[in-house]
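Student: Letter by letter, the chains look like this.
Number of protein chains: 4
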Amino acid sequence: MIKAGIIGGTGYTGIELLRLLHNHEGVEVVAISSRSLNTQRVDTVFASLAGQSDLIFSLPDDDILNTCDVIFFATPHGVAMEGAGAFIEKGIKVIDLGADFRITDAVEWSKWYGMQHTQAKLLDSAVYGLPETNREQIKKAMLLANPGCYPTAVQLALKPLITNKLISLSGIVADCKSGVSGAGRGANQAMLLCETSESLKSYGVSGHRHHPEIKQALEILAGETVNFTFVPHLVPMIRGMQATVYVDLLDENTDVRPYFVDTYSDEPFVTILNDGTYPETRNVKSSNFCQISVQKIPNSNKLVIMSVIDNLVKGASGQAVQNMNIMFGLDEKSGLSSIGLLP
Amino acid sequence: MIKAGIIGGTGYTGIELLRLLHNHEGVEVVAISSRSLNTQRVDTVFASLAGQSDLIFSLPDDDILNTCDVIFFATPHGVAMEGAGAFIEKGIKVIDLGADFRITDAVEWSKWYGMQHTQAKLLDSAVYGLPETNREQIKKAMLLANPGCYPTAVQLALKPLITNKLISLSGIVADCKSGVSGAGRGANQAMLLCETSESLKSYGVSGHRHHPEIKQALEILAGETVNFTFVPHLVPMIRGMQATVYVDLLDENTDVRPYFVDTYSDEPFVTILNDGTYPETRNVKSSNFCQISVQKIPNSNKLVIMSVIDNLVKGASGQAVQNMNIMFGLDEKSGLSSIGLLP
Amino acid sequence: MIKAGIIGGTGYTGIELLRLLHNHEGVEVVAISSRSLNTQRVDTVFASLAGQSDLIFSLPDDDILNTCDVIFFATPHGVAMEGAGAFIEKGIKVIDLGADFRITDAVEWSKWYGMQHTQAKLLDSAVYGLPETNREQIKKAMLLANPGCYPTAVQLALKPLITNKLISLSGIVADCKSGVSGAGRGANQAMLLCETSESLKSYGVSGHRHHPEIKQALEILAGETVNFTFVPHLVPMIRGMQATVYVDLLDENTDVRPYFVDTYSDEPFVTILNDGTYPETRNVKSSNFCQISVQKIPNSNKLVIMSVIDNLVKGASGQAVQNMNIMFGLDEKSGLSSIGLLP
Amino acid sequence: MIKAGIIGGTGYTGIELLRLLHNHEGVEVVAISSRSLNTQRVDTVFASLAGQSDLIFSLPDDDILNTCDVIFFATPHGVAMEGAGAFIEKGIKVIDLGADFRITDAVEWSKWYGMQHTQAKLLDSAVYGLPETNREQIKKAMLLANPGCYPTAVQLALKPLITNKLISLSGIVADCKSGVSGAGRGANQAMLLCETSESLKSYGVSGHRHHPEIKQALEILAGETVNFTFVPHLVPMIRGMQATVYVDLLDENTDVRPYFVDTYSDEPFVTILNDGTYPETRNVKSSNFCQISVQKIPNSNKLVIMSVIDNLVKGASGQAVQNMNIMFGLDEKSGLSSIGLLP
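Residue numbers (the numbering used here), protein chains in the order written: chain A, 1 to 343; chain X, 1 to 343; chain H, 1 to 343; chain W, 1 to 343.
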């Protein structure tokens with residue numbers, strides 16, 4: 001039984017980790033920390049656990065964390081950067097659900113996250129945890145950078161096209177839509193039900209932190225510079241994310257479907273939908289699946305790729321568990337076999 | 001491995017059975033029927049299953065159903081009444097998620113459901129499947145009447161008070177609130193998002209089919225006549241149900257909490273919340289749990305009981321699986337251990 | 001043209017006043033104050049006004065407020081109490097959308113609002129502004145206490161029954177449901193979309209500030225003590241409120257409908273629906289109407305009254321404008337003739 | 001007082017016309033027709049009107065329609081095509097909220113709408129009713145083709161760029177998002193709350209009826225062929241629409257803002273937001289306004305234009321009233337001055 005600890009378990013990725021690991025037969029959560037909620041029962045904060053868990057929030061420096069086999073950081077950026085090293089030195093694997101180790105260029109990271117990156121050496125050792133592009137490295141990782149939600153949806157949409165050199169690398173547009181849970185559980189006026197329900201808006205249009213992460217990943221796939229426009233939108237729903245990606249085919253007559261099918265044929269969590277069937281975010285709600293459709297626009301070289309995930313599962317905690325499974329040599333689907341909650 | 005068949009699998013209780021049984025290690029769904037969708041792949045109708053199931057809708061008289069150990073009827077009323085007998089004669093257990101066998105008085109049933117009850121003998125043999133009141137009989141049942149959603153929430157709220165004779169049996173009021181999925185998946189103008197979202201209403205105030213079911217159950221608990229007012233409300237959400245029940249304590253000074261704790265101490269799916277903590281329907285969303293709080297109104301003999309369930313799980317398909325587990329001698333929690341989806 | 005000022009215009013009742021008065025031909029809003037937003041354009045905070053208003057937030061002690069004919073306080077409790085007097089001395093009428101002058105007993109008020117009531121004399125002069133019960137006094141008011149949302153819905157539901165002495169005054173139950181906007185626009189974790197959407201809960205069951213306000217009002221109508229249970233619920237929608245009120249008829253055979261029709265026949269904003277038609281909160285969304293239905297429960301002396309309002313309009317800002325119209329001798333419907341926004 | 005008739009008043013554009021005209025001082029709705037609801041009171045179908053209207057549904061050939069000054073067709077396609085001529089011959093102006101007269105090429109129309117266009121002569125006489133591009137012709141129109149919702153949002157987003165020849169006409173992408181009311185009020189399983197709430201999806205990706213309408217309009221503006229990709233999305237909200245439009249600037253250094261400000265400086269219903277402020281659909285909910293922002297993407301020639309409307313107001317019934325005002329020489333803002341309903 002793998003012993004897991006969660007640092008910063010008061011947000012949505014924290015409770016989602018608890019939910020998923022509750023169903024995982026090979027893992028036990030033995031510690032969860034929160035400075036603000038120290039000594040409180042977890043099930044008084046997250047009442048979905050009432051009667052099902054005796055966990056109590058501890059301090060992030062509680063010794064029990066050092067008895068774990070794996071530590072999940074579900075913290076604001078900057079925290080994992082400072083805390084990860086001590087665990088790794090003790091042989092404890094670290095999975096950071098935050099952004100501290102996603103961007104390999106520390107200067108670029110600092111620009112977007114507004115603080116210095118103090119752990120250049122750790123950053124070098126971190127493995128970017130998108131299993132569909134990086135599984136072999138993940139197996140050996142001690143420090144795993146769990147991808148952002150938008151980057152996950154966009155990379156899965158584009159991988160077959162970029163690796164097979166089917167599209168122009170200039171002018172890619174990713175119009176992305178996310179449920180509100182992506183904004184976190186903090187007390188934020190802009191995320192009140194009365195401010196977000198029955199409305200849709202763009203945000204971060206002039207620049208969003210996931211842009212450099214996506215650009216870096218696409219350029220690794222492409223082996224060259226990628227010109228990429230990314231506009232996220234806030235959608236009045238709790239969970240769910242769609243990337244609608246617009247690309248120009250180099251050859252208008254390419255049948256791209258076989259490339260998608262081939263790329264993901266062995267992937268347990270990526271499903272290519274039948275032609276003419278478009279994904280709906282609800283179909284992957286609460287599950288770790290990504291569903292993808294492609295549609296060629298008639299009389300044009302434009303191709304539209306639609307990719308949906310649950311931003312809290314494949315876009316965060318589910319992918320973290322998938323990565324943990326890979327890192328510990330478990331069945332990659334352990335704890336993640338549930339299908340989406342419909343309706 | 002128990003072989004299960006589902007008759008009438010095109011609605012919300014059907015897909016919910018598929019979702020729950022997908023996680024059940026001891027059961028395999030080998031057949032699912034629908035006249036209208038015969039020969040279609042199930043995952044084209046319920047895309048949450050895309051890539052995860054090869055089931056194909058068959059006709060309700062397909063022979064494969066006769067190879068099952070248990071048949072779930074997820075059909076409109078009248079269908080299970082006609083079809084259940086043939087399976088039972090073959091030794092196949094039947095669980096009816098509909099209303100055909102819930103009301104023991106065939107005349108009363110006919111009044112509420114607008115058709116003759118043709119199977120008086122079957123009706124006599126049916127067991128009402130609320131495990132918290134009827135577990136021993138369920139173990140031996142061949143024909144199980146799965147309770148309605150409102151009746152489940154209300155009975156669990158009232159059982160400790162009625163069996164311990166703590167309240168007046170006249171003047172009980174149950175003000176109930178349900179998500180829209182309770183109205184089913186049929187094309188119904190009144191259940192369009194634009195007709196139900198951002199609104200709340202009462203319905204069935206002058207009489208609702210769950211009233212006689214609840215009244216019958218409460219009177220069995222009480223051993224005498226119960227005067228009971230029931231008003232359901234439609235709430236703009238997909239899943240979730242709360243019964244807010246108002247009763248008059250016979251003795252204003254009774255501390256009712258110990259009776260609730262005691263009644264449900266061994267129940268795997270009923271949780272009594274701490275004093276001062278009220279349930280929220282979201283905390284049981286997607287799970288089989290029922291969470292209950294009680295609150296005495298100061299300077300009065302009025303007691304308020306709040307009981308929440310997911311209407312599609314403990315209020316329908318989850319309770320059906322729980323009953324199946326009991327009927328087959330499995331661990332009652334098999335396939336049902338997940339906690340609620342939060343947020 | 002009446003000049004209006006708004007103190008505390010940064011919340012939902014503030015923007016709702018702006019919206020309603022924008023459509024009022026006889027009133028101009030000349031000042032709106034907010035300490036935190038001083039000097040900001042109102043249309044940068046409430047973008048529904050973009051291009052339609054040049055108002056700028058000022059300080060609450062800005063001299064321009066003294067040039068007004070009427071001041072609306074849309075402030076947390078305690079603010080109007082301290083500020084109203086100075087305006088009234090200058091002959092400026094004051095309408096308090098908060099709770100400072102609703103409860104006539106200062107001691108009782110202090111108990112519920114957690115501070116001393118410092119203005120006993122002002123409190124004595126305040127008029128409770130429910131036009132349907134108090135129109136003549138409102139005409140002469142200099143200081144108007146605008147009713148709470150729940151109290152408005154409940155009083156309108158009960159007035160015909162209490163004034164005509166048709167029901168028992170013990171055991172009245174009001175199970176009330178409100179949209180989330182009633183909780184205000186403050187940054188409050190519990191009111192995030194992800195915390196309130198797709199869920200329903202009771203709150204304030206052991207005691208809510210609107211309880212004494214309702215009790216006081218009902219006892220004035222009754223001329224005697226009223227025993228009243230009030231349980232509010234939070235519903236996942238922005239606007240809308242329903243009171244579902246359960247009472248015991250003194251005579252089971254009373255036809256109560258004529259009493260409702262008669263009581264409200266001259267009221268511009270109260271509509272009694274046809275028998276068998278139940279109200280839906282959406283039908284009054286954005287409007288100042290209250291729609292009411294009554295339903296006798298068969299074989300019982302129980303009567304259910306359903307009363308719906310928009311909590312921000314008839315439950316707050318719309319009623320404030322209605323009161324203003326009465327206080328200034330305008331047509332009571334000025335600025336309030338719009339029907340509900342459907343869908 | 002202008003007498004208005006509505007043919008096909010049972011859907012969302014019908015009730016929205018009734019709501020808007022209820023507030024219009026110069027117009028009276030004297031007739032509303034529906035075959036299916038003939039003889040029923042309108043306020044029993046749309047209870048927002050309860051007590052506020054005595055209108056009764058009549059047959060579409062009722063003589064009272066011939067006494068009108070203007071007829072609004074709020075009907076499925078094909079109906080206005082057959083019915084409009086008779087009114088026009090009598091000198092009655094006709095405004096078609098449907099699609100029968102939007103596409104000038106009858107063959108193209110037939111391809112998209114699946115029926116023959118039988119009224120070539122009427123089609124020639126029809127005026128496309130986007131006031132911001134066509135006001136002078138609208139003034140003289142007897143037959144007005146009210147634009148589609150998506151076409152309205154997209155044209156307003158692109159007009160300043162195309163008329164001023166600032167962008168490439170190949171590769172324009174309009175990623176559009178609509179609330180569910182755009183799908184109408186018919187009993188449609190796919191539009192149930194449980195099928196659309198808490199989800200987002202693309203639809204009509206391979207071809208949508210609004211594509212040829214938009215393409216035609218853009219090509220009129222440009223005077224040449226426009227290559228245009230249009231992908232609509234369904235958003236879980238009742239009202240609201242955003243077009244997020246991606247274009248390539250011919251000169252990366254162009255400051256486009258002055259072109260937008262200049263184009264719309266005299267327009268009563270188009271608002272250009274401040275730089276860095278993005279529109280939210282809620283800010284125009286229930287109003288006839290269109291709010292637009294532009295954002296240049298750094299280090300690229302890509303420009304993003306965000307345009308929001310209420311699909312039922314500026315996208316349908318509000319624009320129809322605006323057109324009526326122009327056609328009858330009324331103040332263009334009559335009945336349309338309300339600001340958005342926030343929250």
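If you're looking for bench data, these hints aren't it; they were derived computationally from the structure.
Just so we're clear, the structure is a prediction, and the values are computed from it rather than from any experiment.
Cβ atoms here follow ideal geometry from the backbone N, Cα and C, with glycine treated the same way.
One or more of the hints may lead you astray.
[Claimed, not checked] Here chain A is said to cover these stretches of chain W; the calculated rule only asks that three of the stretch's residues, wherever they fall, bring their Cβ under 8 Å from a Cβ of chain A:
id, stretch
1, 209–222
2, 275–281
[Stated by the list, open to error] Calculated cross-link-like contacts (lysine to any residue; reagent style SDA-like; alpha-carbon spacing at most 20 Å):
id, chain 1, residue 1, chain 2, residue 2
3, A, Lys296, W, Lys215
4, X, Lys333, A, Lys296
5, A, Lys215, A, Lys296
6, H, Lys296, X, Pro268
7, H, Lys140, H, Glu332
8, X, Lys215, H, Glu332
Student: Does each hint fit the structure? Answer for all of them.
Tutor: Hints and how they fare:
no.	hint	in the structure
1	209–222	violated (count 0)
2	275–281	holds (count 5)
3	Lys296/A - Lys215/W	holds, 18 Å
4	Lys333/X - Lys296/A	violated, 47 Å
5	Lys215/A - Lys296/A	violated, 24 Å
6	Lys296/H - Pro268/X	violated, 39 Å
7	Lys140/H - Glu332/H	holds, 14 Å
8	Lys215/X - Glu332/H	violated, 48 Å
Of the numbered hints listed earlier, those contradicted by the structure are 1, 4, 5, 6, 8.
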